[in-house]
Amino acid sequence: MIFLPMNIAFFSIFLLLLAAALAFLFNRNQKFLIGVCFSMTTIASLLMVAAGGWAVGKGITNQVILPMGLPDLLFHLRLDPLSGFFLTVIGLLSFFVSIYSLGYVKGFLGHRSVTSLIIFYCLFLAGMFMVVLADDALFFLISWEVMAAASYFLVMFEDEKIENRRAAFLYIIVAHVGAIAILLSFGVMAGLATGFQGFSGYTFDAMRATNFPLGWATAAFLLAFFGFAAKAGVIPLHVWLPEAHPVAPSNVSALMSGVMLKTAIYGIVRVTFDLIGVFPWWWGAIVLIFGLVSAVMGVLYALMQHDLKRLLAYHSVENIGIILIGIGLAMIFTSYQMPLLAALALTAGLFHTMNHAMFKGLLFMGAGAVLHATRERNMEEMGGLIHKMPWTAAFFLIGCISISALPPFNGFVSEWLTFQAFLLSPSLPSPLLNLLIPMGAALLALTGALAAACFVKAFGVTFLGHWRGPHKPDVHEAGWTMRIGMMLSALTCLALGVLPTVFIDWMDVLSEQLVGAKIATSATGIGWMWLTPIAHERAAYSGPIVFAGIMAIVVIAYILLHARPAAIKRVPIWDCGFEKITQRMQYNATSFSMPIRRIFGFLFSIKEQVRLVSQYGHRAFPKKLHYHLRIRDLFWGWLYKPVVDASFWISRKVGRLQQGKIHVYLIYSFVTIIVLLVFLR
Amino acid sequence: MNTSLAANINSFLAAMVLLTAFGMLVQRRMYGLIHLFAWQGFFLSISTAIVGFVAGAHHLYISSILTLSLKVILLPYILHILIQRLKIHKEVETIVNVPMTMMIGIALVIFSYHLTAPVRELSTLMTRSTLAVALATVLLGLLMMITRRHAVTQIIGFLAMENGLFFAATSATYGMPLVVELGVALDILIAAFIFGIFFFHIHTTFDSLDVDQMARLKEED
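Respectively, the protein sequence lines represent chains A and B. When we follow the working numbering, the leftmost residue of the first sequence carries the number 1, and every step to the right adds one. When we follow the working numbering, the leftmost residue of the second sequence carries the number 1, and every step to the right adds one.
No wet-lab data here; the hints were simulated from the structure. Since the model is a prediction, treat every value here as computed from it, not as a measurement. Some hints could be false.
What the hints assert, rightly or not - A few chain A residues that don't get close to chain B, going by computed Cβ distances all over 12 Å:
#1 L18
#2 Q63
#3 G107
#4 A517
#5 R611
#6 K624
Said to hold, decoys possible - One-sided excerpt, in silico: chain B residues whose CB lies under 7 Å from chain A:
#7 L115
#8 L142
#9 M145
#10 I146
Quick reminder that beta carbons are idealized off the backbone N, C-alpha and C, glycines included.
Given only the sequences and the hints, what does the whole structure look like? Please build it.
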């Protein structure tokens with residue numbers, strides 16, 4: 001049969017590689033290249049959505065062995081519902097982002113060649129798709145490295161800036177440390193699957209068929225979790241994320257943050273639920289704790305940022321944390337043989353994966369449009385953009401509402417499901433967990449509130465008020481392709497929020513395969529209108545009714561305001577009741593986050609300086625006040641600096657071996673031979 | 001020729017190989033070194049021929065002829081020319097003094113005998129007693145490379161090591177298959193050419209063939 005999901009996926013990857021080759025060949029005509037190549041990636045992404053959606057919807061599993069690879073190590077591919085789900089997530093966002101890129105990348109024309117951007121963009125997409133499709137350790141790691149290397153070059157795109165080079169360097173180091181851990185994890189599993197004599201254990205099928213002893217399985221899990229956590233940006237391995245995401249081109253940041261981090265989630269789910277299969281409860285507890293820490297710390301760090309894209313990058317840390325909370329809970333429930341609750345938690349986690357891809361992609365695209373228009377990333381310099389960029393502002397607002405988990409958008413549904421999983425945890429047969437898990441729910445609630453505060457700040461400071469910068473640039477609305485890209489993802493956010501039951505029905509086959517229970521029969525128990533996990537008398541949410549209610553309130557408010565002409569009065573904006581306030585005196589990002597900085601100050605390394613510049617050198621005659629605030633990650637000093645220092649120290653010591661004299665090297669070999677002969681004869 | 005006589009002759013030749021190896025270790029003059037190397041190759045080739053004759057392994061004749069032509073005639077000739085072209089007539093400088101080198105060399109020979117003792121007991125070949133000598137020749141070649149600082153002597157040390165390996169192959173298993181033998185011979189020839197080219201380059205770059213000069217290539221920190 002020719003027409004299979006797998007074949008569509010092949011064709012899509014082929015199209016991506018073809019686009020990369022085209023970009024390589026037709027380097028000359030840049031404008032033509034942008035049009036053709038991004039159209040091709042758009043089609044390829046859409047095909048991937050079709051392949052993935054089909055595989056999930058019908059619960060199909062396709063397996064293929066490619067006649068490629070190393071001798072005896074052929075490439076195995078598999079498209080099962082789990083891969084299909086992630087293909088859909090990746091494909092959908094890359095579809096939107098590819099449309100957006102048609103307009104966005106044109107902004108580079110005239111400054112620099114975009115050929116490398118296009119080539120690595122295509123390879124990056126192909127790498128992500130292949131990671132999800134891989135069914136053996138070798139092909140998985142090759143794809144993983146293709147993805148990492150391509151994204152490295154994308155971060156490096158504007159390589160004349162030092163911050164890009166620094167961020168890319170940090171990124172490639174963390175990516176490789178993570179990849180080594182993943183490699184070792186697969187090595188442990190492959191070795192246990194068939195022993196260390198042959199290579200046949202490298203397929204995922206062999207690993208699936210093996211029952212690992214607990215000690216080795218734990219080693220494999222911890223290595224894999226470490227490796228994937230480095231990619232996902234779980235605290236404390238997140239440092240590369242707020243460096244790399246802001247400096248990459250915005251369409252790339254959207255993809256990196258929206259979907260590349262999700263490949264790590266895919267890896268964690270694949271290794272724990274599928275390859276290892278049986279695990280003790282404390283694995284789940286580890287994932288849960290890291291998820292909680294990432295969620296809370298991520299949002300707190302995000303609140304302190306005034307660089308729009310950096311703020312969004314820290315929010316990715318937060319949302320990865322929320323996804324991991326769902327997965328961790330699912331693991332705990334699975335280990336206690338509670339498949340229904342596990343299915344609920346897993347669905348919550350995976351649903352949030354989808355949602356985060358959509359709204360984070362949308363927000364990064366919005367940030368890209370702002371950056372494109374103002375050439376500015378610092379929120380302290382922006383303001384009042386809603387007048388110049390009404391469309392972008394509206395879409396960005398939708399993204400903000402979604403990420404703040406407010407109904408009727410999608411973020412609410414998945415966080416609500418996560419809360420349901422939390423609230424059902426008292427049925428666990430372990431008093432310790434019953435005591436500790438509700439605290440996790442409290443932390444998640446805190447995260448949600450702080451995220452909302454953060455996006456009030458992000459939206460308010462960027463789009464409302466007056467322009468804060470010294471000279472106002474000529475701001476223009478984003479082009480129509482960029483607007484279409486943003487609009488489609490905004491509509492998806494809305495659709496997922498209003499009709500979650502349809503989506504959960506579709507993805508239910510996943511939880512059935514991974515944890516052995518469906519929630520759709522209970523979740524949509526009383527029709528597609530109501531989402532009722534477990535039982536409808538316990539908790540129910542109806543997206544359509546909430547949406548209709550909110551729309552009704554909005555319409556009534558609009559009518560009431562516009563019925564009487566006098567109801568709306570225009571006054572100077574943001575003057576807080578004072579008169580003649582200048583633009584520099586507006587409420588800004590730093591002042592907005594000040595209360596939270598005071599409360600949670602112990603979690604950051606804050607350096608605050610106030611310096612008085614006075615006339616005649618005396619304080620009695622003040623002239624100017626300089627305020628300097630520097631907030632840094634604590635983890636950098638705690639964790640990374642010691643490691644970096646230690647590795648430099650060790651390499652200096654090891655460097656002594658290199659005398660540069662040929663005799664010394666010969667003596668090394670001579671001594672080695674003698675020692676080997678003495679001890680191993 | 002009966003086997004015991006052949007074994008005796010072979011042992012004698014092995015002793016000569018070892019002697020030349022020691023000779024090379026202490027020889028200070030460049031030309032003397034090359035002559036000693038040629039002699040070592042000569043003893044090796046005769047020994048190979050005798051082993052081939054007694055054991056009935058006729059491909060060893062070819063090996064023997066190859067050794068004779070390569071290691072006794074061609075390579076010493078190339079090295080000779082090289083020395084003349086590069087005008088290296090001065091005495092070879094050593095890093096470690098000669099008595100010390102000799103002591104280490106003797107220790108290595110004893111060590112080799114100790115090492116091959118189990119093999120001697122298990123093996124039934126008539127050449128089994130020479131295996132220790134072969135191993136000692138390898139180690140002495142390496143020692144020579146370590147103790148000399150001139151690039152040409154290092155190459156001779158390397159070639160002496162190869163001699164030792166060849167000798168080990170004949171004494172342990174009556175020689176490697178002919179194909180391997182041919183391949184090794186070709187490698188040696190190519191290596192000699194490459195070394196020759198490198199010497200010219202090193203000479204023109206550093207104006208010397210003292211390998212210590214190459215320490216300047218090291219990365220500074």
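Results of checking the hints against the structure:
For L18/A, the shortest C-beta to C-beta distance to chain B comes to about 43 Å, beyond the 12 Å cut-off, and the non-interface label holds. Remark: the non-interface label on Q63/A is consistent with the geometry, its nearest Cβ contact in chain B lying 44 Å away (cut-off 12 Å). Annotated as non-interface, G107/A keeps its C-beta farther than 12 Å from every C-beta of chain B; the closest such distance is 42 Å. With a closest Cβ-Cβ approach of about 60 Å to chain B, A517/A is found to remain outside the 12 Å limit, as its non-interface label requires.
With a closest Cβ-Cβ approach of about 39 Å to chain B, R611/A is found to remain outside the 12 Å limit, as its non-interface label requires. At roughly 46 Å from the closest C-beta of chain B, the C-beta of K624/A stays outside 12 Å, upholding its exclusion from the interface. For L115/B, the suggested interface contact is upheld, since its CB lies about 6 Å from the closest CB of chain A, less than 7 Å. For L142/B, the suggested interface contact is upheld, since its CB lies about 5 Å from the closest CB of chain A, less than 7 Å.
Taking 7 Å as the C-beta cut-off, the interface hint given for M145/B holds, the closest approach to chain A being about 5 Å. Nearest Cβ of chain A to the Cβ of I146/B: about 5 Å, under the 7 Å cut. The hint holds.
The structure is consistent with each of the numbered hints, conforming to all of them.
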